[in-house]
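Spelled out from the first residue to the last, the chains are:
There are 6 protein chains.
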Amino acid sequence: MTLAQIVAAALAEDLGPGDVTSRACLPADRLAQGRLVAKEAGVLSGLAAAVECFQQVDSQLSLTPCHHEGDPFEAGEMLARVAGPARSLLAAERVTLNFMQRLSGTATLTAEYVRRVAGTRARIVDTRKTTPGLRLLQKAAVRHGGGYNHRWALYDGILIKDNHLAVAGGVRAAVQAARASAPHTLRIEVEVTNLDELTEAITAGADIVLLDNMTVEQLQQAVERAAGQVLLEASGGVRLETVAAIAATGVDYISVGALTHSAPAIDLSLQFTDL
Amino acid sequence: MTLAQIVAAALAEDLGPGDVTSRACLPADRLAQGRLVAKEAGVLSGLAAAVECFQQVDSQLSLTPCHHEGDPFEAGEMLARVAGPARSLLAAERVTLNFMQRLSGTATLTAEYVRRVAGTRARIVDTRKTTPGLRLLQKAAVRHGGGYNHRWALYDGILIKDNHLAVAGGVRAAVQAARASAPHTLRIEVEVTNLDELTEAITAGADIVLLDNMTVEQLQQAVERAAGQVLLEASGGVRLETVAAIAATGVDYISVGALTHSAPAIDLSLQFTDL
Amino acid sequence: MTLAQIVAAALAEDLGPGDVTSRACLPADRLAQGRLVAKEAGVLSGLAAAVECFQQVDSQLSLTPCHHEGDPFEAGEMLARVAGPARSLLAAERVTLNFMQRLSGTATLTAEYVRRVAGTRARIVDTRKTTPGLRLLQKAAVRHGGGYNHRWALYDGILIKDNHLAVAGGVRAAVQAARASAPHTLRIEVEVTNLDELTEAITAGADIVLLDNMTVEQLQQAVERAAGQVLLEASGGVRLETVAAIAATGVDYISVGALTHSAPAIDLSLQFTDL
Amino acid sequence: MTLAQIVAAALAEDLGPGDVTSRACLPADRLAQGRLVAKEAGVLSGLAAAVECFQQVDSQLSLTPCHHEGDPFEAGEMLARVAGPARSLLAAERVTLNFMQRLSGTATLTAEYVRRVAGTRARIVDTRKTTPGLRLLQKAAVRHGGGYNHRWALYDGILIKDNHLAVAGGVRAAVQAARASAPHTLRIEVEVTNLDELTEAITAGADIVLLDNMTVEQLQQAVERAAGQVLLEASGGVRLETVAAIAATGVDYISVGALTHSAPAIDLSLQFTDL
Amino acid sequence: MTLAQIVAAALAEDLGPGDVTSRACLPADRLAQGRLVAKEAGVLSGLAAAVECFQQVDSQLSLTPCHHEGDPFEAGEMLARVAGPARSLLAAERVTLNFMQRLSGTATLTAEYVRRVAGTRARIVDTRKTTPGLRLLQKAAVRHGGGYNHRWALYDGILIKDNHLAVAGGVRAAVQAARASAPHTLRIEVEVTNLDELTEAITAGADIVLLDNMTVEQLQQAVERAAGQVLLEASGGVRLETVAAIAATGVDYISVGALTHSAPAIDLSLQFTDL
Amino acid sequence: MTLAQIVAAALAEDLGPGDVTSRACLPADRLAQGRLVAKEAGVLSGLAAAVECFQQVDSQLSLTPCHHEGDPFEAGEMLARVAGPARSLLAAERVTLNFMQRLSGTATLTAEYVRRVAGTRARIVDTRKTTPGLRLLQKAAVRHGGGYNHRWALYDGILIKDNHLAVAGGVRAAVQAARASAPHTLRIEVEVTNLDELTEAITAGADIVLLDNMTVEQLQQAVERAAGQVLLEASGGVRLETVAAIAATGVDYISVGALTHSAPAIDLSLQFTDL
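Listed in order, the protein sequences are those of chains A, B, C, D, E and F.
Each number in our numbering corresponds to the 1-based position in the first sequence with 1 added.
Each number in our numbering corresponds to the 1-based position in the second sequence with 1 added.
Each number in our numbering corresponds to the 1-based position in the third sequence with 1 added.
Each number in our numbering corresponds to the 1-based position in the fourth sequence with 1 added.
Each number in our numbering corresponds to the 1-based position in the fifth sequence with 1 added.
Each number in our numbering corresponds to the 1-based position in the sixth sequence with 1 added.
Derived by calculation from the structure, the hints in this document are not laboratory data.
Please note that a few of the clues may not be correct.
Here are the simulated lysine-lysine pairs, DSBU-like style, with alpha carbons at most 35 Å apart [claimed, not checked]:
#	chain 1	residue 1	chain 2	residue 2
1	C	162	D	40
2	F	40	A	162
3	A	162	F	130
4	B	162	A	162
5	C	130	C	40
6	C	130	C	162
7	B	162	A	40
8	F	162	F	130
9	E	40	F	130
10	C	130	B	162
11	D	162	C	40
12	E	162	F	40
13	C	162	B	162
14	D	162	E	40
15	F	40	F	162
16	C	162	D	162
17	F	162	E	162
No experiment lies behind these values; they were computed from the predicted model shown.
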């Protein structure tokens, strides 16, 4: 789905055949204006979706951002000004906030992870543990927070995981099979759970090795063992409390599922102001 | 969007033109089987989406649940058995988990709120603060957790909020306007922030009053003031720590946005087993 | 479907890969203008669909209404001026008229029902007996004719009918079940066929009672029996000849399926004029 | 739109996120059965749509017709048996009836026109004055009633009407232009309003001539003038009272817009019966 | 599918969640301009698709054609100027060229066939052997090359072919059945393979006869036999080398499947120029 | 678009509101059977689309392949048996053949390229010069012919081409920018036109170098210069006559646009046989 389709689906879900409250209470031609305000601090994401919401609901609506995607903001800060027909503003309000609150939640959590690994070589990367239907926007939110994108989906990266290995007959066989037929534009990444598998992956010709659920000690040994022959990605159970120590081991990438599956929403609100 | 459309969009997002890893590493005709396992305790939701994912990916796949929607489960428990072509299982895995982890997260958090208000008249209800595109499934997850649904969207309930009041000219005018033209099948709910507005709402003919961001003391006074003439809904900043005290005031409904905007995902995984 | 989607489907149905007549007979760059004229009197509805048709066919077309939705018009009156490329005008003509003729038919018939109950408390309301795909527009046409909307669909109103009662075990059981789990924003309406059931409905806690196919005498007795405890809706076999007597009984609502399932089209035509 | 898409749109319109009444009142696993009964006489159309509705709502539903499309039926007659989960039956009921009532209305009215021209060479044909979105089904209903289809849409027949003539410079110029570039698989039809234009159409090489709004006398003269050189179609203001006299003039086709724009619905109902 | 839908599908196929190369290498705000240049001679088709691509990718892009559809061009000639944000130009480039190269290939091949039959009565017509999804554009490309369109699809022309005849019981039976029920706006065409069948077709009332895979001698005899009573279409194995001789026999139409199924693409390229 | 969507669009294009020929000539209940036969030799592709066509048109149709995708076949060979309702077979025939003829054309041409490079290290790979809407199927056809897929689209591979270089400031700057922000799962490929740029690409850290339009001598020098430090892809103007010499230089990949933009269709036909 494109951004326009994602927003159209979200609006259809909330508007359906129309807003009965506004139709019953508000004159059709009344104008209004307001402010989109942060009720807690965070990092901004979701502006593109917000602008698209406003345009789709009514071309007479305007949303004028006070910030760019990726900007930090404080509690109480105004993020955007809005204006237009009152019924249309109220029709766009909730869906707009639903996008911005979640996406800013992801950007904010990503920024905090990135802050904690500053000064190391490690990049914070996302996963495919995204909310169904919102991957396009969540992957952008990770970039807004200073993180990097891992592969987008099943079609643009080779990542051989535990279940593949169980079927393919182990690290060596799987990596060699991938080498034999995969598009040459893709690197080959394989998941390992111990140092012997790491060695096997390197000798089989893997480009990247995902170190699954290893302790900090194991990660250090893996970095030494790899000695720059492959890229290393730490993954599994990474938390804000542990990410700095993981980064200090010298791994190249740290992937964090929570960026997209469990970031709490940032509290935002839309407040009408006098015309 | 129907369930089938939601699932199709999620699969398109992750599969696109195909899984390059499986195509490169796994024989096309290899079968596999596995278990969908909980890595932490929770309340189950998302089975319908999971079954739909499996059917859409490959009609030869099977997913046999060990539980019903709404059942509690423990860490380590098997939630379903799966079997079928290995490539198809791996194609369905991530999207299936993405649905179930989030929806079980909502059901689990809802169940905890419901547990804390047990013995009072208060019902835990959801809001429109849902994830864009997933309202159908999140509203079901709230029911699976023992909660109740508030209005579904803008089209099936009249809820006059602060921004409406600013435009419509106050509680009395807004409620009377709604009375005059709204479908007779809908009750009329209005948001108030103090007891004077509550009285105004009652005399104007409101059916339900939303008490916004009131303290427990204010809520108690509101219950006394209303004296059963209207239904009362407490809303705003409700947390697990405060919900029992709010329920004890005698309000009829407590709406909790966090059920759908900030419930953390429950950790689940799919593990292949020997054939 | 949104208005844009309804119109797009209608145009696709009639235009498909293109108008072979215009392509064969008319120069591509010829301009034309014309008048949309009523060939009989009525009440206007369908302007929004007409404008959308014109925009979708060709952004160079213009349609300038001489009336608002809901306005009455006489035979021979001009309803709108149109202008633009001749091929595009002819491509838009039939679909535009197909919308306006049917919707004005519904508005016109509604207005006649409304006229006949003037001076009573009764509101004329529509039903779900709408034309598949056109509910959005037909419900608006009822409002343009001075009527009110009943519930929109299955999702925004509780109406327990004869077949529900057969399964649920009667009026009392059904109403109580609805009370126990339905969203609190919805009133509960139940259909009854005699006065005993009316009493049962009232004591079970119904908010609205639909009096199905009752005679005028029965309706009068029902109004007395209800004594204002519930809202009353007369339904079934209502005709222009009988609606005044029904309204005089004091019922609150009279629902008329024919507004949307059998209103004859109003004859309109598009006539080119000299440039 | 295909039949499946038309039905899906109609169901989405009525079901949206679900039937709140059934969810509130009926156990999820309750079965039911019933009869689809005619409350007045008519000619059947809409079975294909009805079967599709039932399949789309729930694959466990069954609808067993007692008649074929095009069969006449009497008041009180059973048209089909239905069975399945009670909630699903109630979800499918209204949309199914909405299709069948309108389409049987068209088939019934068509059959009456056909009956009145029996024994003449005239065929009753439809027009493009169909209900937006339902042309596929209405054109079939005309055939079920014994009528014939005119061109389906703008893309499959050449019909040069008054507004084309105004732009193209008259009958001769328009017919010759069509001859020069139209696909050779299409006949060329042109609308005329008097006998001189008829002669002009014949000499210009038209295949079919539409005689617009002519009196019975004019039609007779036209038949004589044409003398079998072209096919003749009478059109405009045809009514049940006048159709026999028009047919007696010897025209080949009589087109009737009312078949699809103003046929009243046939009253049908679904009645649950004891299991 | 409309032009807009065809282009949207093609862009979705190539852009998906975004161009990783441009995102990685190019500043978001860099502008560029360039020329769309022919690398070999041909006849232009595909401009409408090109313009639509540019508009859909980014409303800030411009594409200014130097030619009209149907114009011939030489190798090295500039066909259009383009300008806009560099990332957007690169996103639109490949899909735009993919449309224009194929469609110009069809127009170019058609023009060559048309050139070879100049001076005869024969028209070059296309077939239904089009590329799935592109019929709208390929049929236009045939017109741009100076050819004519045969029936568009199964719905707008009657063409009784060998497999119909096998089921329907021969030429006479099939033509008579078509006469009895087909819309009167369509001519009836039937395929024959020898002169006896041609005679049978004429006496049964066919309007057009398709002469399948006949030699030039057979075609000449068919033209004599028909003597103007029906239109004649030569079809089957027509090649550039043979088309002139076929046209010289006096047939009315020559249908050529290769126009749409095997025309080689014309080589075009987009070259950035200095700002 | 998925396979199902591609096929549905193709069928909608050809069937629209129905096949007027079959409806007019053939009884609705007549069965038929036939053979899908090759009229020239080739390599098979398109079976999956063919099966999908048959299923979508009518679930009572059967298509039983005699070969697998990728199998070579001779002129006159039967490729599949078909059976079912005659009307449905004729409805599915043309679209099915349209898919299979083109896709087998691509597979056949690919196989010929592959045959000519046998014994070298070079792999034949496709490009993004695919037919709009058919990439999914054409990329599979290339694999059926023994070729390999290059990147699928803009989203799954980094290929920095001449126009990127013009904007990004040359090979070094572009490669370094890509290194800095691209997903780590993607290799970085850059296009060069001479040996100096090749050296620049290698030292800047490219993984793959596309050698654009080089002579065989230049390609040999490039292979020596690269000395295994990067993968090398020859591209531009590759023809059947030249591909063996190109492969003999030792390049790793040879990309051929003609596989998907100019492969002529293979002639196939569907012939009914006696029941």
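Here's how the hints hold up against the structure:
Our distance criterion of 35 Å between C-alpha atoms is met by residue 162(C) and residue 40(D), whose separation comes to about 18 Å. Among the hinted pairs, residue 40(F) with residue 162(A) is inconsistent with the structure: their alpha-carbon atoms are about 46 Å apart, more than 35 Å. At roughly 33 Å between alpha-carbon atoms, residue 162(A) and residue 130(F) fall within 35 Å of each other, so this suggested pair holds. At roughly 50 Å between alpha-carbon atoms, residue 162(B) and residue 162(A) are farther apart than 35 Å, so this suggested pair is violated.
Distance restraint check for residue 130(C) and residue 40(C): the Cα-Cα separation of roughly 28 Å lies within the 35 Å cut-off, and the hinted pair is therefore satisfied. Of the pairs offered as hints, the one joining residue 130(C) and residue 162(C) holds, with about 15 Å between alpha carbons and a cut-off of 35 Å not exceeded. Straight-line distance between C-alpha atoms of residue 162(B) and residue 40(A) comes to about 18 Å, which keeps the hinted pair within the 35 Å bound. With a C-alpha separation of about 15 Å, the suggested pairing of residue 162(F) with residue 130(F) holds against the 35 Å cut-off.
Of the supplied pair hints, the one linking residue 40(E) and residue 130(F) holds, its CA atoms being roughly 16 Å apart against a limit of 35 Å. The suggested pairing of residue 130(C) with residue 162(B) holds, with an alpha-carbon distance near 33 Å, which does not exceed 35 Å. Annotation: proposed proximity of residue 162(D) to residue 40(C) holds, straight-line Cα distance about 18 Å (limit 35 Å). Restraint check for residue 162(E) and residue 40(F): the C-alpha separation of about 18 Å stays at or below 35 Å, so the hint holds.
Distance hint between residue 162(C) and residue 162(B) is fulfilled; the C-alpha atoms sit about 33 Å from each other, no more than 35 Å. With a CA separation close to 46 Å, the supplied pair residue 162(D) and residue 40(E) exceeds the 35 Å bound. In summary, the hint linking residue 40(F) to residue 162(F) is not supported, as the alpha carbons are separated by about 41 Å, beyond the 35 Å threshold. For the given pair, residue 162(C) sits about 50 Å from residue 162(D) by alpha-carbon distance, which is inconsistent with the 35 Å threshold.
Only pairs whose Cα atoms come within 35 Å are accepted, and residue 162(F) paired with residue 162(E) is rejected, the gap being roughly 50 Å.
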